[in-house]
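Listed below, chain by chain, are the residues.
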Amino acid sequence: MNESRTAASLGANECAAPVRSSDLVIETHGLVKRFGHRSAVDGIDLAVPRGSVFGFLGPNGSGKTTTIRVLLGLASANSGDIRVLGKEMPQALASVLPDVGALVEGPGFYPFLSGTGNLMRLDAADPHASSSTRRRRVHDALERVGLSHAAGKKVRAYSLGMKQRLGLANAMLRPRDLLVLDEPTNGLDPQGTREVRNLVRSLAAGGTTVFVSSHLLAEVEQMCSHVGVMSAGRLVAQGPIEELRSAGQAHVVVQTPDVDLASRVLTRLGLVPAEATGTGGPWGTPAVVGTGINGRVPESIVAALVAEGVRVRGFTVENASLEERFVSLTGEGFDVVG
Amino acid sequence: MRSGMGWALLGSELSVLFRRLRTWAMLIALAAVPILIAVAVKLSSRPTAPGRGPLFLDRITQNGLFVAVTALVVCVPLFLPLTVGVVAGDTIAGEANLGTLRYLLIAPAGRIRLLLVKYAGAVAFCCAATATVAASGALAGVVLFPVGPVTLLSGDTISVGESALRSLLIAAYITVSLLGLSAIGLLISTPVGAMAATIVLSVVSQVLDNLPQLEWLHPWLFSHHWLSFADLLRQPISWTSFGENALLQAGYIAVCGALAYAKFSNKDVLS
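Order-wise, the sequence lines are chains X and P. Numbered as in the numbering used here, the first sequence ends at 364 without a single skipped number. Numbered as in the numbering used here, the second sequence ends at 263 without a single skipped number.
Chain P on its own, in the form it takes in the complex (with noise of 0.2 Å):
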């Protein structure tokens, strides 16, 4: 049968995802984050001093282009982490609240088939977040502030049209950064829920990250990576840590996955 594929599910999943207030709260709390550090800057009458505050804070007084870059280093620790985890937290202990979880399985939905699905929509959000941030960033930047070429952390020049490619390159990394986080809310959620969990566990990470004692165990948090975007910003574009934090948050996706399988599908669904 044609419908058979599953398309239809997933479709469904979007949909209710994005036909959710909590969604869309979640998305414009997010995109006022690139509005408010450009007004912000913009009021100031002090300009920023180079090397104080979030990264290129100093630089979009003198071009645009740059608020869309900063914003995504401000929301990476704490707000692009937090509304994931409430999505992904949510993805079946969210199902299993509402007692749909179980009419889904009756459907049926097939329980490996409703986790495919749940994870994507869950990695739908994060591209929607992080684009939301660099798309409300570009526009908040062309608004308020001159535009014209960037420098590069390599010294070079590259046009408008091509930084706003590696602004969008940027998001990319960031949502990719994201994965792991769902992989592992996914995981918790099932099916017990935890969106609050998730977050704690992204906030863990990062502050492991940041203890030297515990340096054997930086390259395994899957936040190692989640700044290291600036090899972005340099010309030609070095990929090896675009390349390695794909790897990491691929291993996360790859063991949470399968735990959240072999957890979910033989569980009783008792809500």
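Chain X with its partners taken away, still in its complex shape (with noise of 0.2 Å):
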């Protein structure tokens, strides 16, 4: 979480250029789908463009799950549209998910059969698959995902992590245009975390589309370009990472021991001064934190201050961490364990 505190200058955000609808993957309009009275998901508008690895973001119960189920079609939406590859959906199902690899809220296998047998089962029951390359997929797909040497064995004696792994290896037992992954890394130790980030980078290297939910902050950091947040059902922001980090409120920091006068000169400037808990800086100085800089160019607060007689000991302009901004979005109890 360290270098997400990292200072950035304050020029223009870079705004991303406006997405045309036949470069997304995913795309929603006014996706709403209730439960009796309450409505799990509440209106979204997904837009997941075409080679991204989009993070999809929320703390437990927000929706994410809901929203994957009623895009590949094992729910059923209230209202709204759903394109994923292009194509309308649900109408489109059995020509959309041939192209697409998913794990759904973690792993589901028959505890009786091998891995190899599960992946066979699984792979006979898509109609496009060819059977005669059937087994070398499965032995491929098991090794991608480092099984080879639990294929033969009963998925009952699988740990947490194996079956993990082996649901990451049906999502890829054909190319995919699409992978949708609930929560990969649950149950996963951080060597298997690792290895699953590796995959996704390769995955998405090779072309394939990563539509990652998760509730890990850090670990959509680590491995998205783009990120959507979901609150309570809603989707309170999306778009890539760099620009919804940058679109948070981003502050001055100046350390100086002329804390009163460095404050009132910050409030005529229209920010919003605090005295920064901790001392910064070498020797110990107090800071003042800024808020609220309205695209004022840095350098004329340094001015501003220099010339009242503030001794300016340090000066940062720092962006909101993502971290902040995913707390402002989804509120309190967001789990960002790193």
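One thing to keep in mind: the hints can contain errors.
Some, not all, of what chain X presents toward chain P, calculated at C-beta under 10 Å [said to hold, decoys possible]:
no., residue
1, 124
2, 149
3, 340
Cut-off 20 Å, straight-line C-alpha distance, at most; resulting in silico cross-link-like pairs (SDA-like, lysine to any residue) [said to hold, decoys possible]:
no., chain 1, residue 1, chain 2, residue 2
4, X, 179, P, 14
5, X, 180, P, 89
6, X, 180, P, 10
7, X, 180, X, 169
8, X, 113, X, 58
9, X, 113, X, 180
10, X, 179, P, 9
11, X, 179, P, 12
12, X, 180, P, 9
13, X, 179, X, 162
14, P, 259, X, 62
15, X, 179, P, 112
16, X, 180, P, 17
17, P, 255, X, 62
18, X, 179, X, 160
19, P, 34, P, 53
20, X, 180, P, 6
21, P, 259, X, 104
22, X, 179, X, 169
23, P, 255, P, 89
24, P, 255, P, 245
25, P, 255, P, 112
26, P, 259, X, 63
27, X, 113, X, 75
28, P, 259, X, 102
To spell it out: a stretch of chain X is covered by chain P in this simulated footprint if at least three of its residues, at any positions, have a beta carbon under 8 Å from a beta carbon of chain P; those stretches are [claimed, not checked]:
no., segment
29, 85 to 99
30, 132 to 140
Quick caveat, the hints were computed from the structure, so don't treat them as lab data. Glycine included, C-beta positions come from ideal geometry on N, C-alpha and C.
Using the hints, put the two chains back together into the complex; each one sits in its own frame.
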């Protein structure tokens, strides 16, 4: 989490070029899914660009898995439009799903079959999967997730992490245009988590769009190019991860012994000053944090401070960390364990 | 594409069904029924009085070929519906419990195709179950008792080979009898599970079939013809009850199949 607090210039935020519909792998408009009177998904407009690693982030129970279920045709939407790989859903389910690999809400396997047996079974369920290459594809997929040694073992004897890997192998039985991975690192040890991250990166490098849901900010930060943030059934933010980062409240930190004077100057400039907690700087210098820069050029703030006689010992402009941004978007109780 | 026919899924369904310990445990239990009957009859010193005990029990000592038929008669009311209920009532619900239902649908197996394949699997189990009882009964009969030409209900006598054929016919009749129950199991099983409910229904149906006050209802009960295969033991064979039974079961398959499809085709899969 430390590098998210990097200083950045306050230049104009880079705006992403508007994305054309044809470049979107997943596109929803006003997607609503209700259970009884409760809206689990409350009118979301997802836009997942082709080739992106899209982090679908949100606290537990914010509607991520429900959204994924609706996208994959497991549940039907109450209203709204869905397009996956450019085709209307759920009408085009049968032609879209063969190009989509998915891991939904944890792995599900036959405990009395081996790892190989399970994948053979699920592959046989796909009418487009060629039976002549089945054994080889299953073998390759198992190798790719590091399960070759346990391929013949009954899944009953698998650990949760191994089942999770088998689930990933199932998603990669065929070359896919889109991978939907719901909490793929659940139950994995740090080593396994790192492997999943590398796997996702290599898949993305091969041109597969990866839609990965997570409640772990660190995970999303490390592997995603784009992010969508869910909170209580709503999509509260979405876009390239850098754009989201810079959209946060940037602030200046002034290290100075003249705290009161600096605060007055910042107030006059329209910033909201606050005494920094803890001591900053090598000399134990107190610091004032000013928020609400509103596009003001940083050097003009320094000039104003110096002109008033504030002894400026240090001056930095800091972007809000993603963590702060997400907490402000999703409210309290957000799990940001790294 | 050649593989688009969906045979791969059917093959996989059968292989999963018959690679399951549960399936074999039930088949072995069914196979034990005729063996138990044969051994009990062999060991008992008193000959069974005609008309007492299950149908044809008194004939076993004279002709081992009756063991299979007797065992089938014994199994029809409870043991066969029990095992069929476990398999048919667990078709979709079992996949949902394992969490494999969502992966089959994402694969995508297709909901109609999955229902058809699941029903085919249940039918395969019905065949296997009755065949197991018949085969185990024939084996036990041949080993423990004399075997010879069989006297039919009509008084005619048929050869050993022909009587084996008749046993198979009865097994086929009972298999057909169980198809309606399988369809009911499939319907209840989409997607909330109900092995128990399926089995209870088969018992309720048989109880209702024995209440004279409900005579108007009897022809519509799926268990109504379950034991009416005596016609197959006449010369010439009377196919009337076979036809009536088949028609009734087909009706249950059509109605329950349609309902199962309607229920499952747009049901949210949340497990």
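Tell me if residue 340/X is really an interface residue toward chain P, meaning its C-beta lies closer than 10 Å to one of theirs. violated (55 Å)
Given the hint that residue 113/X pairs with residue 180/X, does the C-alpha gap stay at or below 20 Å? It is violated: about 38 Å lies between the C-alpha atoms, which goes past 20 Å.
What's the verdict on residue 179/X and residue 112/P, does the C-alpha distance respect the 20 Å limit or exceed it? violated (28 Å)
Given pair status - residue 162/X, residue 179/X, alpha carbons within 20 Å: Holds, because 18 Å separates the two Cα atoms, which is no more than 20 Å.
Run the distance test for residue 255/P versus residue 89/P: straight-line Cα separation, threshold 20 Å. Answer holds: residue 255/P to residue 89/P is near 18 Å, not above 20 Å.
Given the hinted pair residue 255/P and residue 245/P, is their alpha-carbon gap at most 20 Å? holds (15 Å)
Given the proposed pairing of residue 179/X with residue 9/P, does the C-alpha separation stay at or below 20 Å? holds (19 Å)
If you take the shortest Cβ to Cβ gap from residue 149/X to chain P, is it below 10 Å? Cβ of residue 149/X sits 8 Å from chain P, so the hint holds.
Within a Cα-Cα threshold of 20 Å, do residue 259/P and residue 62/X meet the stated pairing? Distance ~14 Å between residue 259/P and residue 62/X Cα, so the pair holds.
Could you grab the alpha-carbon distance between residue 259/P and residue 104/X and see if it respects the 20 Å cut-off? Measuring from Cα to Cα gives roughly 13 Å; hence the hint holds.
Residue 113/X and residue 58/X were given as a pair; does the straight-line alpha-carbon distance stay at or below 20 Å? Between residue 113/X and residue 58/X the Cα gap is close to 19 Å, so the pair holds against 20 Å.
What's the verdict on residue 180/X and residue 9/P, does the C-alpha distance respect the 20 Å limit or exceed it? With a Cα-Cα distance of about 16 Å, the restraint between residue 180/X and residue 9/P holds, given a limit of 20 Å.
Of the hints listed earlier, those the structure fails to meet are numbers 3, 9 and 15, in rising order.
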